[in-house]
Amino acid sequence: MDLFFHLRGLDRSARLFSKQRIYNSFVDSQAEGIVSVTSPTGSTIQTSFHTFPRPPKTSLDSSATSRKGIEMTIRIDPENNETRALFAMADFSGQHVLEIGCGDGRVTWLYADKAAHVTAIEPAARLIALARQDLPAQLKDRVEFRESNFEDFAAGSEPFAFDIVILSWSLC
Amino acid sequence: MVHALEEIYRLVKPSGVLIDIHPVAESSPVEIHQGGKIDLAGDLSVRQWCTDYEQADSALTEITRRGLFVIERESMFDSLTHYDSVEEMRAALKESIHKFARDAQSIDEAVPHAEAMAARAEELMQAAASGAELIVRERAHISRLRPV
Numbered sequence: 001m002d003l004f005f006h007l008r009g010l011d012r013s014a015r016l017f018s019k020q021r022i023y024n025s026f027v028d029s030q031a032e033g034i035v036s037v038t039s040p041t042g043s044t045i046q047t048s049f050h051t052f053p054r055p056p057k058t059s060l061d062s063s064a065t066s067r068k069g070i071e072m073t074i075r076i077d078p079e080n081n082e083t084r085a086l087f088a089m090a091d092f093s094g095q096h097v098l099e100i101g102c103g104d105g106r107v108t109w110l111y112a113d114k115a116a117h118v119t120a121i122e123p124a125a126r127l128i129a130l131a132r133q134d135l136p137a138q139l140k141d142r143v144e145f146r147e148s149n150f151e152d153f154a155a156g157s158e159p160f161a162f163d164i165v166i167l168s169w170s171l172c
Numbered sequence: 001m002v003h004a005l006e007e008i009y010r011l012v013k014p015s016g017v018l019i020d021i022h023p024v025a026e027s028s029p030v031e032i033h034q035g036g037k038i039d040l041a042g043d044l045s046v047r048q049w050c051t052d053y054e055q056a057d058s059a060l061t062e063i064t065r066r067g068l069f070v071i072e073r074e075s076m077f078d079s080l081t082h083y084d085s086v087e088e089m090r091a092a093l094k095e096s097i098h099k100f101a102r103d104a105q106s107i108d109e110a111v112p113h114a115e116a117m118a119a120r121a122e123e124l125m126q127a128a129a130s131g132a133e134l135i136v137r138e139r140a141h142i143s144r145l146r147p148v
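Residue numbers (the working numbering), protein chains in the order written: chain A, 1 to 172; chain B, 1 to 148.
None of these hints come from the bench; they were simulated from the model. Where hints are given, some of them may not hold.
To be verified - The calculated DMTMM-like cross-link candidates involving lysine to aspartate or glutamate, where the alpha carbons are at most 25 Å apart (straight line), are:
1. B:K13 <-> A:E144
2. A:K114 <-> B:E74
3. B:K37 <-> B:E88
4. B:K99 <-> A:E147
5. B:K94 <-> B:E133
6. B:K13 <-> A:D91
7. A:K114 <-> A:D91
8. B:K13 <-> B:E26
9. B:K94 <-> B:E138
10. A:K114 <-> A:E144
11. B:K13 <-> A:D113
12. B:K37 <-> B:E87
13. B:K13 <-> A:D152
14. B:K13 <-> A:E79
15. B:K94 <-> B:E26
16. A:K114 <-> B:E72
17. B:K37 <-> B:D78
18. B:K94 <-> A:E147
19. B:K99 <-> A:D152
20. A:K140 <-> A:D113
21. B:K99 <-> A:E151
22. A:K114 <-> A:E79
23. B:K99 <-> B:D78
24. B:K99 <-> A:D134
25. B:K37 <-> B:E109
26. B:K94 <-> B:E7
27. A:K140 <-> A:D91
28. B:K99 <-> B:E88
29. B:K13 <-> A:D134
30. B:K13 <-> A:E151
31. B:K13 <-> A:D141
32. B:K37 <-> A:E147
Note that the structure is predicted; figures quoted are calculated from it, not measured.
Assemble the whole structure, with the sequences as input and the hints as a guide.
What follows is the structure, encoded as structure tokens:
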């Protein structure tokens, strides 16, 4: 059973720690809910979780030792309204996907495990760094995050290269 | 934006699809949820300061009018952002305004509005018992377009 987490704004060690705690506590007992988790910094956060067939992006590795503080706890779409809407639009299985404006990979993680290959571009270096940081080993050969604006990317791309192109909140 | 969509038309396979997700130009209510009750702190009037919400709709209309893509499917959904504190929401709003505002004047207009709304949210959160949630509800449009 895979778990889908919504842990926004935590540093990497806090996210991994939280995921481990939630996984250990709830994977066999509940399908979804809200849980309080004490982070490595000693702060307590509340986060939602639910079971979901998602990419296995969490290593569930609690060995991270960073002690950076929690910056912010924001959860975007824990109701999964966007996930449902996205999967109602396309079947990502075996597809070559281009995602434009991927940010920190929030939308990428919804479908990446199903796709044959994902090229996700984002002009903001800070966000691409976050996305790369979260990229699990098992997806490294299939998901490529590129720091680029779309114009530059398109200029260097071959025609008819993608089965699915996603404009991910990037027209504005 | 239309040019970007033309480039996407070049990159996507003839059998492929374009999926567009973008927020709609409506106000985004700021809600305090507690025990099944929802109090409204106000609306974020993004239309007043964001350049591109309506341009996104216009660009999609233009490329379908020109026959590059046809819309096969479309729907709307609410994307809810949950904040654990008003301070978190303030910081996020400030970042969004500076990122998406059309010009300096828009920033000057949007910031006080967002601050007033945050202050109202703060009052409601203080009046609420612990466990109240601060949620910004953003309406989004998703569509599936097929190249012609």
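To see whether the hints hold, each was checked on the structure:
Under the criterion of a C-alpha separation no larger than 25 Å, the hint pairing K13 (chain B) with E144 (chain A) is consistent with the structure, at around 19 Å. A hinted pair counts as satisfied when its Cα atoms are at most 25 Å apart, and K114 (chain A) with E74 (chain B) qualifies at roughly 22 Å. The suggested pairing of K37 (chain B) with E88 (chain B) holds, with an alpha-carbon distance near 22 Å, which does not exceed 25 Å. Straight-line distance between C-alpha atoms of K99 (chain B) and E147 (chain A) comes to about 18 Å, which keeps the hinted pair within the 25 Å bound.
With a C-alpha separation of about 20 Å, the suggested pair K94 (chain B) and E133 (chain B) falls inside the 25 Å cut-off, and the hint holds. For the hint pairing K13 (chain B) with D91 (chain A), the CA-to-CA distance comes to about 15 Å; that is within 25 Å, so the pair holds. A distance of roughly 9 Å separates the Cα atoms of K114 (chain A) and D91 (chain A); the hinted pair therefore holds under the 25 Å criterion. Straight-line distance between C-alpha atoms of K13 (chain B) and E26 (chain B) comes to about 33 Å, which puts the hinted pair past the 25 Å bound.
Restraint check for K94 (chain B) and E138 (chain B): the C-alpha separation of about 16 Å stays at or below 25 Å, so the hint holds. Restraint check for K114 (chain A) and E144 (chain A): satisfied, since their Cα atoms lie roughly 14 Å apart, inside the 25 Å limit. Among the hinted pairs, K13 (chain B) with D113 (chain A) is consistent with the structure: their alpha-carbon atoms are about 21 Å apart, no more than 25 Å. Distance check on the hinted pair: K37 (chain B) and E87 (chain B) sit about 22 Å apart at the alpha-carbon level, within 25 Å; holds.
A threshold of 25 Å between alpha carbons decides the hint, and for K13 (chain B) with D152 (chain A) the separation of about 19 Å falls inside it, so the pair holds. Using a Cα cut-off of 25 Å, the hinted pair K13 (chain B) and E79 (chain A) is violated, with the two alpha carbons roughly 33 Å apart. For the hint pairing K94 (chain B) with E26 (chain B), the CA-to-CA distance comes to about 19 Å; that is within 25 Å, so the pair holds. Between K114 (chain A) and E72 (chain B) the CA atoms are separated by roughly 22 Å; this keeps the pair inside 25 Å, and the hint holds.
Straight-line distance between C-alpha atoms of K37 (chain B) and D78 (chain B) comes to about 18 Å, which keeps the hinted pair within the 25 Å bound. Pair hint K94 (chain B) plus E147 (chain A) holds up; C-alpha atoms about 24 Å apart against a cutoff of 25 Å. For the proposed pair K99 (chain B) and D152 (chain A), the alpha carbon gap of about 21 Å is at most 25 Å, so the pair holds. Restraint check for K140 (chain A) and D113 (chain A): the C-alpha separation of about 11 Å stays at or below 25 Å, so the hint holds.
With a CA separation close to 19 Å, the supplied pair K99 (chain B) and E151 (chain A) stays within the 25 Å bound. Annotation: proposed proximity of K114 (chain A) to E79 (chain A) holds, straight-line Cα distance about 21 Å (limit 25 Å). For the given pair, K99 (chain B) sits about 22 Å from D78 (chain B) by alpha-carbon distance, which is consistent with the 25 Å threshold. Restraint check: the Cα-Cα separation between K99 (chain B) and D134 (chain A) comes to about 24 Å, which is no more than 25 Å; the hinted pair holds.
Simply put, K37 (chain B) and E109 (chain B) have alpha-carbon atoms about 31 Å apart, too far for the 25 Å limit, and the pair is violated. Taking the CA atoms of K94 (chain B) and E7 (chain B), the gap is about 32 Å. The hint is violated against a cut of 25 Å. Annotation: proposed proximity of K140 (chain A) to D91 (chain A) holds, straight-line Cα distance about 21 Å (limit 25 Å). Among the hinted pairs, K99 (chain B) with E88 (chain B) is consistent with the structure: their alpha-carbon atoms are about 17 Å apart, no more than 25 Å.
At most 25 Å may separate the alpha-carbon atoms for a hinted pair to count; K13 (chain B) and D134 (chain A) exceed this at roughly 29 Å. Among the hinted pairs, K13 (chain B) with E151 (chain A) is consistent with the structure: their alpha-carbon atoms are about 18 Å apart, no more than 25 Å. For the suggested pair K13 (chain B) and D141 (chain A), the alpha carbons sit about 22 Å apart, so the restraint of at most 25 Å is met. A hinted pair counts as satisfied when its Cα atoms are at most 25 Å apart, and K37 (chain B) with E147 (chain A) does not qualify at roughly 43 Å.
Checked against the numbered hints above, the structure breaks hints 8, 14, 25, 26, 29 and 32 and satisfies the rest.
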